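Once you have looked at the hints, place chain R on chain Z.
Protein sequences, first through last, are from chains Z and R. For the numbering used here, count along the first sequence from 1 and bump the result up by 700. For the numbering used here, count along the second sequence from 1 and bump the result up by 1426.
I should point out that these hints are in silico values taken from the structure, not numbers from a laboratory. None of these values were measured; they are calculated from a predicted model. Among these hints, one or two may not hold up.
As the list claims (entries may be wrong) - Stretch-level coverage of chain R by chain Z, calculated; a stretch enters the list once three of its residues show a Cβ under 8 Å from a Cβ in chain Z:
no., stretch
1, 1446-1454
2, 1457-1464
Said to hold, decoys possible - From the derived model, a few chain Z residues whose C-beta atoms are all more than 10 Å from chain R:
no., residue
3, 751
4, 793
5, 832
6, 843
7, 848
Stated by the list, open to error - Now the stretches of chain R that chain Z is said to cover, found in silico as 3 or more residues with beta-carbon under 8 Å:
no., stretch
8, 1475-1486
9, 1501-1512
Think of the CB as a built atom: it goes at the ideal place given N, C-alpha and C, for glycine as much as any other residue.
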Amino acid sequence: MAVHTTTGGHEATTSTGLDNRKLFMWLFLGSDCLFFGSLIATYLMYRGRDEALGKPGPHPAEVFDIPYTSASSFILLMSSLTMVLALSAIQRGDVRRLRIWLLATSLLGLTFLGGQAYEFTAFVHEGLTLRTNLFGSSFFVLTGFHGAHVAVGVLMLLSITVLASQGRIRQQDSMTVELAGLYWHFVDIVWILIFALIYLLP
Amino acid sequence: MSTRHEQAAPEVHQEHAHPGPRTYVEIAVALAVLTTLEVILSYINVNDFARGLGIMICMTLKFALVVMWFMHLRFDNRLFTVMFVGGLTLAVAVFIAVLSIQRAIFA
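Just chain Z, same shape as in the assembly (with noise of 0.2 Å):
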């Protein structure tokens, strides 16, 4: 049965009834699951080997700063809280604090972002790049890739604050809202996965 549903300001049919572009988010989420399954596997598959294989470290024990990745994580995890409550506030229809949650919410991605340039660095300066070992070229590409979805997230929330600071974004375009939500969830959740897969697991 078709349904008519609003989305952005404009009428759409549907035969589910559902917003279609959050179905798409939910799909391109699911394909998303595959990407990153396949590097966390690829990484666990190298891991130990390249001690094995009697490869120059360094190794993961050498230069994994268990401490530091802890904080990172839970200013990451934060933002899902400052995310959720910038949806929970245009649902409202309190744009004001939309945009101080997603300035929130940016300001805790990009503190993410320059905690892992910061441990990028420091890897290097230990000499451990992309070409060193396994453990470099799995490490750098999974967290790599992890990294650039949180910068294209952070990209998406500053674009959503700047429409909502020209009143572009209003109470009922909260579907905007929920799917850049949605697609920020779904880094914390990876990083939930790496954190304790790749730095925490003996």
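Chain R alone, transformed into the frame defined by chain Z:
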């Protein structure tokens, strides 16, 4: 007079009411506690299996909390869950396949 569009809109955007800010803060506190627990587990002196199991449980709980509450899968239409869980299942299948190949090659 109520139009067809006006009747359909609430069904589309709000399958069930989303929780309020207070609930979101409570979920965030739970996430922070679980993260702290994960880090503590990574430091304590127990055998690797117990430590790994504890970390995996915390990780799974955090994952579920964000997906169910912050991403609203608990409240939204089931088709979204099918889309996401479908991708996630395929990802886990790839994960297991890759690690099985590794075990076969490097054994």
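Beyond 10 Å from each Cβ of chain R, as asserted for residue 848 of chain Z:
18 Å, holds
Are 3 or more residues of the stretch 1457-1464 of chain R near chain Z, judged by a Cβ distance of less than 8 Å?
holds (count 4)
At 10 Å, judged by beta carbons, does residue 751 of chain Z keep clear of chain R as stated?
Holds, since 12 Å exceeds 10 Å.
Taking 8 Å as the Cβ threshold, is the statement that the stretch 1501-1512 of chain R is covered by chain Z upheld or broken by the three-residue rule?
holds (count 7)
Taking 10 Å as the cut and beta carbons as the points, is residue 843 of chain Z off the interface with chain R?
Given that every Cβ of chain R is farther than 10 Å from that of residue 843 of chain Z, nearest at about 17 Å, it holds.
Nearest-CB test (10 Å) between chain R and residue 793 of chain Z
14 Å, holds
The stretch 1475-1486 of chain R covered by chain Z? Criterion: 3 or more residues, Cβ-Cβ distance below 8 Å.
holds (count 6)
Quick check: do three or more residues in the stretch 1446-1454 of chain R have a beta carbon closer than 8 Å to a beta carbon of chain Z?
holds (count 6)
Please settle this one: residue 832 of chain Z was flagged as non-interface, so is its CB more than 10 Å from every CB on chain R?
Given that every Cβ of chain R is farther than 10 Å from that of residue 832 of chain Z, nearest at about 20 Å, it holds.
In the structure shown, no violation is registered for any of the earlier numbered hints.
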